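A.B. asks: So you can see what is in the structure, the chains are spelled out below.
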Amino acid sequence: MSSRRHFNPWAFILPGVIAGGVVLGVPVVQAFWISLHRLRMYRMHDQVFVGLDNYARLLQDPLFHLSVRSTLVFSVGCTILSVIAGLAVASVMSTRGIRGTSAARFFMAFYLVPFVATQVVVGMMGRLYVWEPEYGLVNFVLGLFGADGPMWLISQDTAMWATIVTNAWRLTPLAVLIFYAALATVPEELLESAEVDGAGGWRALALIKLPLIRYHIGFVALIQLTSAFREFDTVFALTGGGPGRTTNVLSLLVYNEGISNSDMGVANAISFTMLIIVSILSLVYMRVARLGDLGN
Amino acid sequence: MAEHGGLALRYLFLIGWMAICVLPVIVMLLGSLKDSSLFQSIPQLLSLDGFTWANYERSFSQGNYLHFLRNSMIISFSALFVVLVVCTPMAYGITKLVSPRARNAIVFSVLSTRFLPYVVLALPMYLFFARVGLTGTLVGVVLAHLAMQMPFIVWLMLGFFAGIPTEVEEAAVIDGASPFGVFWRICLPMVLPGLNAAAILAFIISYNEFLFAFFLAGYDAQPLTVGITRFVGGADVGAQYGVVAAYGTLIILPIIVFALVVNRYIVSGLTQGAVKG
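For the protein sequence lines, the chains are A and B, in the order given. Under the numbering used here, the first residue of the first sequence is numbered 1, with each subsequent residue one higher. Under the numbering used here, the first residue of the second sequence is numbered 1001, with each subsequent residue one higher.
Honestly, the hints are just simulated from the structure, not real lab data. Owing to the predicted nature of the structure, the values given are computational and were not obtained by experimental measurement. Treat the hints loosely; a few may be bogus.
[What the hints assert, rightly or not] Here are some chain B residues the structure puts well away from chain A; computed CB gaps all over 12 Å:
#1 Glu1057
#2 Tyr1092
#3 Lys1096
#4 Ala1102
#5 Ser1109
#6 Thr1137
#7 Leu1138
#8 Leu1192
#9 Leu1195
[Unchecked claim] Where chain B lies over chain A, by a calculated footprint (3+ residues, C-beta under 8 Å):
#10 29-41
#11 56-66
#12 124-132
#13 146-154
#14 248-259
[Said to hold, decoys possible] Cβ-to-Cβ under 8 Å is the rule here; a few derived chain B residues that face chain A:
#15 Leu1014
#16 Trp1053
#17 Tyr1056
#18 Ile1164
#19 Thr1229
Think of the CB as a built atom: it goes at the ideal place given N, C-alpha and C, for glycine as much as any other residue.
Just need the whole structure built from these sequences, with the hints factored in.
C.D. replies: If you want it as structure tokens, here you go:
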């Protein structure tokens, strides 16, 4: 230990902290600073300090309210769906006779496909080949069962559901992987003794396995929630925010205001509000789920 | 443990899930090989009628696929290089912090930046890069990707470095190795699987990324993800579904095949840090 005196870990950390400060810290501070100004693109010299005016305008803007609501519905929907699907797949993958086999490894490789699939392409693929009412994959399968599928992305009633399912499809592999690895840590003796006591199958899953991996469920849910909250690529390519404004999540609203509308002040106010919402969400969540000691 | 349902039933479930994962991609692939003027039903897609390579030819010629592919490769490889050079020593240093308070504080800040909405970064970067003349350059996109990837890669490498037993390093120190020597010659080789996983994931994330590239890259620096949206939005392509499918396939299929080949690194990288013991 004596030679440790010469070793300062900060020498390794500092370059990263500086880089992070430049590429992460500076833009966040700037975003807040710009949000306090009236600033329109192409008229950059005309930057006027307006205080919290942009925020006040947002609070009264029905389009903003609509976006906040659809973003919350979208992120919570994606989280619930991907966690449930992930638990289902990982549980079956973990059963005796499947876990550890080469078949399991084969399945797992293909289960990664949605995770590595380019999001904008997933969006286009979803629009043209999955949710297309007449020829798409979903309504084709529904037709096999004699059901008449809805208009999905074209209808205001169903577009959000299709968007949630598409994004949850992309998020599920992470849940499957983490739950599968977590379930491997459940001691086999525990399950065997439970079985002797008559708690096998579903009851073992509900009473022993799920409580033991609750920490992982909480962690995955947090990751999914925050990544769905900021999602842009998939929604942009799948619906572009439509029909009407039903799937116009906050990231898209920022794009509408900032780039299309070239109102940088308001756009930054929206994105900074997103930052506040996601911080509150994750702080409260980490408290409730006791994820505070993550990484120790 | 008594299992839920018979083995056959469970396999059926797993095959069903596999179908959900890959069928959309297969349908698009079939669509890309068809005359692109109209939609085709699933049975029509399965037949050989109207088979054509024309959609691919148009993706290469009018869609300028190779130009965008080149940008995608430059961006992804540079981003993965920069990200690893910055994040690997940082993660190593964090695991060596003696004070738990300092370690917790820095781990917490790494973790919380992982939740940052990307638009918060993209708008100021857009304005800043416009001011310093980095808009439409590959450098700007790579810097944005560094911002996007840093929290995740540091997090991932933390888990791998934490797995190294301290005795190994102490032995090296006793043998007279310098702090950097311990890091470079002892620890780095031990986390090589982790480095592979980080490099592969960083590459995939950069290759697939759209938002930053869309905001920051002018025509010259556009990667494939932006290239396809501009191309299929163009008037001359219009509603040419087959061309969209072909271009999409050209983007998505290489990365899927790559991921299938290196899948065990992706699995280890994604589960690292979330599952201990």
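A.B. asks: Run every hint past the structure and note whether it holds.
C.D. replies: Evaluation of the provided hints:
Residue placement check: Glu1057 of chain B keeps its beta carbon more than 12 Å from all beta carbons of chain A (closest about 19 Å). Non-interface call for Tyr1092 of chain B relative to chain A: violated, since the shortest CB-CB distance, roughly 5 Å, does not exceed 12 Å. With 12 Å as the threshold on Cβ separation, the claim that Lys1096 of chain B sits away from chain A is violated: the shortest Cβ distance comes to roughly 4 Å. Non-interface call for Ala1102 of chain B relative to chain A: violated, since the shortest CB-CB distance, roughly 9 Å, does not exceed 12 Å.
With a closest Cβ-Cβ approach of about 8 Å to chain A, Ser1109 of chain B is found to fall inside the 12 Å limit, against its non-interface label. Consistency note on Thr1137 of chain B: stated as away from chain A, and its beta-carbon is indeed over 12 Å from all of that chain's, at 15 Å minimum. Look at Leu1138 of chain B: its CB is around 15 Å from the nearest CB on chain A, clear of 12 Å, so calling it non-interface holds up. With a least CB separation of 18 Å from chain A, Leu1192 of chain B remains clear of the 12 Å interface cut-off, as annotated.
Look at Leu1195 of chain B: its CB is around 15 Å from the nearest CB on chain A, clear of 12 Å, so calling it non-interface holds up. Only residues whose C-beta sits within less than 8 Å of a C-beta in chain B count toward coverage, and the segment 29-41 of chain A has 3 of them, enough to reach three; the restraint holds. Counting residues of the segment 56-66 of chain A whose CB falls under 8 Å from any CB of chain B gives 0; the rule of at least 3 is not met. A count of 7 residues in the segment 124-132 of chain A with a Cβ less than 8 Å from any Cβ of chain B is obtained; the coverage claim is therefore met, three being the minimum.
Chain B is given as covering the segment 146-154 of chain A, and this is violated because 0 residues of the stretch bring a CB closer than 8 Å to a CB of that chain, at least three being needed. With 6 residues carrying a beta carbon less than 8 Å from a beta carbon of chain B, the segment 248-259 of chain A meets the three-residue requirement, and the given coverage holds. Interface restraint check: Leu1014 of chain B against chain A, minimum CB-CB distance 5 Å, threshold 8 Å, status holds. With 8 Å as the threshold, the beta carbon of Trp1053 of chain B stays out of range of chain A, its nearest partner Cβ sitting at about 19 Å, so the hint is violated.
Residue-level restraint check for Tyr1056 of chain B is violated (minimum Cβ-Cβ distance to chain A is 15 Å; threshold 8 Å). Using the Cβ-Cβ criterion of 8 Å, the hint placing Ile1164 of chain B at the interface with chain A is not satisfied: the shortest such distance is roughly 14 Å. Proximity of Thr1229 of chain B to chain A holds as hinted, the smallest CB-CB distance being about 6 Å (cut-off 8 Å).
In summary, the structure is inconsistent with hints 2, 3, 4, 5, 11, 13, 16, 17, 18 from the numbered list given earlier, while agreeing with the others.
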